[in-house]
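Read off the chains here:
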Amino acid sequence: MLARLASKRLLEIRQVFRQPSQAFRSFSTALNYHIDSPDNNPDVPWEFSESNKQKVKEIISHYPSNYKQSAVIPLLDLAQQQHGGWLPVSAMNAVAKVIEVAPIRVYEVATFYSMFNRTKVGKYHLLVCGTTPCMIRGSREIEDALLKHLGVKRNEVTKDGLFSVGEMECMGCCVNAPMITVADYSNGSEGYTYNYYEDVTPERVVEIVDILKRGEKLPPGTQNPKRIMGGPEGGNTTLLSEPKPPPCRDLEAC
Amino acid sequence: MGLGLLASRAIRPFNSSSGSRFLLRTIVSKPELQSPESSAAAADASPEPDLPPRTPVGGARVHFTNPEDAIEVFVDGYPVKIPKGMTVLQACEVAGVDIPRFCYHSRLSIAGNCRMCLVEVEKSPKPVASCAMPALPGMKIKTDTPVAKKAREGVMEFLLMNHPLDCPICDQGGECDLQDQSMAFGSDRGRFTEMKRSVVDKNLGPLVKTVMTRCIQCTRCVRFASEVAGVQDLGILGRGSGEEIGTYVEKLMTSELSGNVIDICPVGALTSKPFAFKARNWELKGTETIDVTDAVGSNIRIDSRGPEVMRILPRLNEDINEEWISDKTRFCYDGLKRQRLNDPMIRGADGRFKVVSWRDALAIVAEVAHQVKPEVIVGIAGKLSDAESMMALKDFLNRMGSNNVWCEGTGTQPNADLRSGYIMNTSISGLEKADVFLLVGTQPRVEAAMVNARINKTVRANNAKVGYIGPVTDFNYDCQHLGTGPNTLMEIAEGHHPFFSAISNAKNPVIIVGAGVFEREDKDAIFSVVETIAKKGNVVRPDWNGLNVLLLNAAQAAALDLGLVPESSNSIESAKFVYLMGADDVNLDKLPDDAFIVYQGHHGDRGVYRANVILPASAFSEKEGTYENTEGCAQQTLPAVPTVGDARDDWKTIRALSEVAGVRLPYDTLGGIRSRMRTVAPNLLQVDEREPATFGHSLKPEVAQKLNPAPFKSAVENFYMTDAITRASKIMAQCSASLLKK
Ligand code: SF4
Ligand code: FES
Ligand code: FES
Chain A
1 MLARLASKRL LEIRQVFRQP SQAFRSFSTA LNYHIDSPDN NPDVPWEFSE
51 SNKQKVKEII SHYPSNYKQS AVIPLLDLAQ QQHGGWLPVS AMNAVAKVIE
101 VAPIRVYEVA TFYSMFNRTK VGKYHLLVCG TTPCMIRGSR EIEDALLKHL
151 GVKRNEVTKD GLFSVGEMEC MGCCVNAPMI TVADYSNGSE GYTYNYYEDV
201 TPERVVEIVD ILKRGEKLPP GTQNPKRIMG GPEGGNTTLL SEPKPPPCRD
251 LEAC
Chain D
1 MGLGLLASRA IRPFNSSSGS RFLLRTIVSK PELQSPESSA AAADASPEPD
51 LPPRTPVGGA RVHFTNPEDA IEVFVDGYPV KIPKGMTVLQ ACEVAGVDIP
101 RFCYHSRLSI AGNCRMCLVE VEKSPKPVAS CAMPALPGMK IKTDTPVAKK
151 AREGVMEFLL MNHPLDCPIC DQGGECDLQD QSMAFGSDRG RFTEMKRSVV
201 DKNLGPLVKT VMTRCIQCTR CVRFASEVAG VQDLGILGRG SGEEIGTYVE
251 KLMTSELSGN VIDICPVGAL TSKPFAFKAR NWELKGTETI DVTDAVGSNI
301 RIDSRGPEVM RILPRLNEDI NEEWISDKTR FCYDGLKRQR LNDPMIRGAD
351 GRFKVVSWRD ALAIVAEVAH QVKPEVIVGI AGKLSDAESM MALKDFLNRM
401 GSNNVWCEGT GTQPNADLRS GYIMNTSISG LEKADVFLLV GTQPRVEAAM
451 VNARINKTVR ANNAKVGYIG PVTDFNYDCQ HLGTGPNTLM EIAEGHHPFF
501 SAISNAKNPV IIVGAGVFER EDKDAIFSVV ETIAKKGNVV RPDWNGLNVL
551 LLNAAQAAAL DLGLVPESSN SIESAKFVYL MGADDVNLDK LPDDAFIVYQ
601 GHHGDRGVYR ANVILPASAF SEKEGTYENT EGCAQQTLPA VPTVGDARDD
651 WKTIRALSEV AGVRLPYDTL GGIRSRMRTV APNLLQVDER EPATFGHSLK
701 PEVAQKLNPA PFKSAVENFY MTDAITRASK IMAQCSASLL KK
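From first to last, the protein sequence lines are chains A and D. Position 8, counted from 1, in the first sequence is what the UniProt record's numbering calls 8; the numbers after and before it change by one each time, with no gaps. Position 283, counted from 1, in the second sequence is what the UniProt record's numbering calls 283; the numbers after and before it change by one each time, with no gaps.
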C-alpha cells in the first residue's frame, strides 16, 4: 500500500515536471538589469531635442517645484518617443538629471512599466493584447500570424527595423476584442501616434502590417466594417427607445 | 490495512482537535504567548484584566514627549499606554508581543510590503498590516487569534513560494528571520509544486555577497542605502514576480556602511563575502567589546571560533553607533591574523631580526635606556593604544626622567588642559538636535563614518544645513562647500560670509573641527578663530554646546585626558631612545640616525622598519583595555581570542620593563593601574558613561599665533587603511583597490 502511494506521488511529481516550462511570460522588452552594448551604455550622449526641451519645461510646470520627480513618467514617455520607441540608459540618466533624482530612481520606474521599452523596437511597435477577453477571441492566433508574417520572435525587430511585436495587458478595449495597438515612432515625438485596431483577424493584421509598410496611414478603430465603434454588428439591438425616467423624480415627495 | 492508513489514523486526532494544536507547534514566537494561562486570559479579555505583567520586546521604550498624547490600546486584552502616532506593531512591542516582520525596521522608513505583520483588529474587516497602521485610541489588537495565525501562515506560504529551500548551503542559516519565522508561524508543509523563479546575482563589491534568488523583496536594503548610507545605488527593478533588487547599471555599492545591509537583510540574499562558508553562527562565541579603528568607539561583538576571530558584528548603542558599524570596523578582522609579531626580536649587526627571549629583550632595552640622558628619551603611543598602557608608558618614562611622551595624531603641542577643546561636546547623539553644521577641515565620511551617519540622519530629518571648509571631497548629503582654507573661516568669523548668518540664525548650530588640524603649526590660531565664530554665533550656551572636535583615532581622547603631552615640540630631532608603543604613523624622518628604537606592537607595520628591538603585543581583540571615544565616553574592550605567540599586553610589558630598568611601577594588576588612572583622569573609569567637559573655552589664554592661509589637508587618505590592523587586512586592500578607484 505504501509503495503504491509512493509511486502515485512520484507520478504526480513527474507530471509537474513534464509540463512545458512555458510558465515564464516576459512582458517587458528587456531584462531587469542593464548590460552595456555599443548603442546602449551610459557614455552615449543623449539629450532632449530643442523642441522637446520646451515640452519638458511645460511638463515640469504641471508639478510643484519641490515635487519635480512626479514628472518622471511623462518625461520618460517623451524621451521614448524621441528615441524611436525605446529608452537607452543615457536617456534615463538625462531624465534623472532633469528631475534631480538619482538615476536608480528613474530606472526603477522604467523597469516597472512594461510600456517603457529598454531595448530597441521597430518603427511600428505592434502590441497584441493578451488578456483574457482578447485571448478568448483569438489573440494568440493574431500574434502567431504577425510573428509568422514578419519572421521574428516576440520583442524582436525585423531586419528593416520597421516592425516589432510585443504583448500587452488589457487596454480597455475588450468590447472589440481581439485588438492590437500600433505605436508609431516613425515620425519622432511630433508625429507619434498610439492607435488601437480592434476586431482584428489574423488576415486583417497582416493587411495592417502591409499598409503600414507602404507608409500609408490607416484610420484606427474597429476593423469590422459592419460595426460602428463599440456598437454591435448591424446596429443597435437594445435600448432603442428613450430611456424611461426613474419612478420617483420628485425627491421631496418621496 | 496498510501501514499508510494506520499512520494517517494515528495522525488525524491531532489534526482535527484544535485544543491539541500546541502539541504540534513546539517552536513558538514567545513562550508566554503560547502558554495556556495567558492565551486563556487573552481569550476572555475581561474588562478588569488580571494578566501577568509583560516585558516589552527587545527593550522597547516608550517616550512620552507630551503626556496628553498618551493613548490606550489593548493588545490581546492587555492594556498599554503609548504615545500618539505609534504604530500597531510598536504598541504590540510595548505590550511584550513580538510581531513577526520582514520589511519593517525601526530605523528605516515604513514600507509595508511583506505583510508578515498582519494582526487582527477588532471591527476591522480584514487583518491589518500592523507596521503601517497607526494605533488609535481604544484599539483592540489581537495577535493570537486564528485569523492572525492563518494570515501569517498564508503570507509565509507566499513568501516561501519563490524562496529557494537551500538553507543547508546558505550562510544565513541559523540566524535567518525567514527560517525562524517559518518555523514559528509557517505551515509544516508546502503545497507549491511549480518551478521557483531565479534571479541573477548582482556584484555589489568585495564585501557583500549576493544570492538574489533568496531575496524576498522586503526592500530593507534599498531603504538602508538611500536613508542611512546616503548612497542612492540600490533600487527595486521590475515588477511582480520579475521584481529584483539591483543597481540596474553595473555599479558597486560605494558606501562606507555597505556591510550593514548584511545585518538588515532578513534572509540570505545579502551575506558577508569574506565570511562566506567560513563558519555557522552557532559555532561562534560572541564577545561584546568595542571597536578601535576610529575614534567613534562603535560597540561591536567579536564572533570567534577557537583562537580565530571569525567576524565582527555591531551591537546596539543608541548613543554611539545605533546599530550600524562602518565597513572598516566590520571587515578589518582578517588583519588580526596577518603580519603579526609573535616573539621579541632584536636587530642584529647584519640588519636582520633575531628571535630572543623576553628576558634578553627587556634587559637590552633597559640597558640602552639607562645609557642615554633622560631628556633624549621619547615615548610615542600608537593610535590603537588603550588608556592603561598609555598610563603605564607615561609613568615609566617619567620615572626614567623624561617627559617626552605623546600619542600620535595629537600633534607636537596638543592642548590637553581644557577637555572641551578636544572632545565632541555635543555628543554623537546630540548631533541629531542640530540644524546647522559647519565642518572645518574634517571629512567625517572617512574620519568617523558613524558620526557622518548621524549628520546624514540629521540632515534628512531636520533639513539641517551643512557647510564645509576643506579640500574637495564626497559627501553623501547636501553640503555647501564654502572654501578650502582658513581664510574662509576668517571671513565667517568676521561676519562677511553668508554662512555666518546661517550659524547665527540657527537654533542649535554645530561646529566640528577635524583633528587633522592638530597637525598644523597654526592650530591655536585656527581654534581661536573657531571660538570667535562660536561666540558670535551663540554656539556655546548653557543649554547647548555646539563646539566640537572630531578626533581621528581611538587612543587620542584618553591620551589627552591622561596628559600625554610632550615637553618640547622638537623632541624627535634630538631623541636617542624612542619607545614606540604601536606608533606606526609618526614621522621619524627627523630622527637622528643613531637613535635606538623600541617598537612594541602587534603588527609588523611601518614602525618596525627602523626598530632595533621588537616587543610583541596583543591586539584590541585580545586584551582588556579602556578606550575613550571622541565624545568622551570611556568604554572597555574584552578579550575575545587568545593572543598570538609570545605577545603580551602593552601595559604588562612596560611594567616588566620598569622592573628590569630598576624603576618599578607600583601596580601589578589591571585594577592597580586603573586606580592609578583614577588619580589622573577619573572619567576613564566611568565605563559606558559620557563625561561632558566641565569648563568651557572661555578659560583659554589669548593666542598670538598667526593664521596660515594654507588650505586644510585631508586627514585620512584611504578610508580602508588607517592603522596597523587595517593595513594588514587583505579585505581592506581589496576594498581600497576596487572601491576607491575613481
Ligand atoms: S536583498 Fe535582502 S534586504 Fe534587500 S530586499 Fe532582498 S531580502 Fe530584503
Ligand atoms: S482584454 Fe484585450 S483589450 Fe481588454
Ligand atoms: S512588516 Fe509590516 S508589512 Fe512588512
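It is possible that some hints are incorrect.
[Claimed, not checked] Below, simulated SDA-like cross-link-like pairs (lysine to any residue); rule was C-alpha separation at most 25 angstroms, straight line: (1) D:K196 <-> A:Y113; (2) D:K251 <-> A:S37; (3) A:K123 <-> A:D160; (4) D:K251 <-> A:P45; (5) D:K590 <-> D:K433; (6) A:K68 <-> D:V231; (7) D:K433 <-> D:P374; (8) A:K8 <-> D:T193; (9) D:K126 <-> D:D98; (10) A:K97 <-> D:D478.
Derived by calculation from the structure, the hints in this document are not laboratory data.
Here is how each hint holds up against the structure:
Straight-line distance between C-alpha atoms of D:K196 and A:Y113 comes to about 23 angstroms, which keeps the hinted pair within the 25 angstroms bound. Our distance criterion of 25 angstroms between C-alpha atoms is met by D:K251 and A:S37, whose separation comes to about 15 angstroms. Taking the CA atoms of A:K123 and A:D160, the gap is near 9 angstroms; set against the 25 angstroms cutoff, the hint holds. For a cut-off of 25 angstroms, the pair hint linking D:K251 to A:P45 stands: about 19 angstroms separates their Cα positions.
A hinted pair counts as satisfied when its Cα atoms are at most 25 angstroms apart, and D:K590 with D:K433 does not qualify at roughly 45 angstroms. At roughly 20 angstroms between alpha-carbon atoms, A:K68 and D:V231 fall within 25 angstroms of each other, so this suggested pair holds. Distance check on the hinted pair: D:K433 and D:P374 sit about 50 angstroms apart at the alpha-carbon level, beyond 25 angstroms; violated. A hinted pair counts as satisfied when its Cα atoms are at most 25 angstroms apart, and A:K8 with D:T193 qualifies at roughly 15 angstroms.
Note on D:K126 and D:D98: the hinted pairing holds, with a Cα-Cα distance of about 20 angstroms set against a maximum of 25 angstroms. This hinted pair checks out: A:K97 and D:D478 have alpha carbons roughly 16 angstroms apart, not beyond 25 angstroms.
Taken one by one, the earlier hints fail for this structure at numbers 5 and 7, listed in ascending order.
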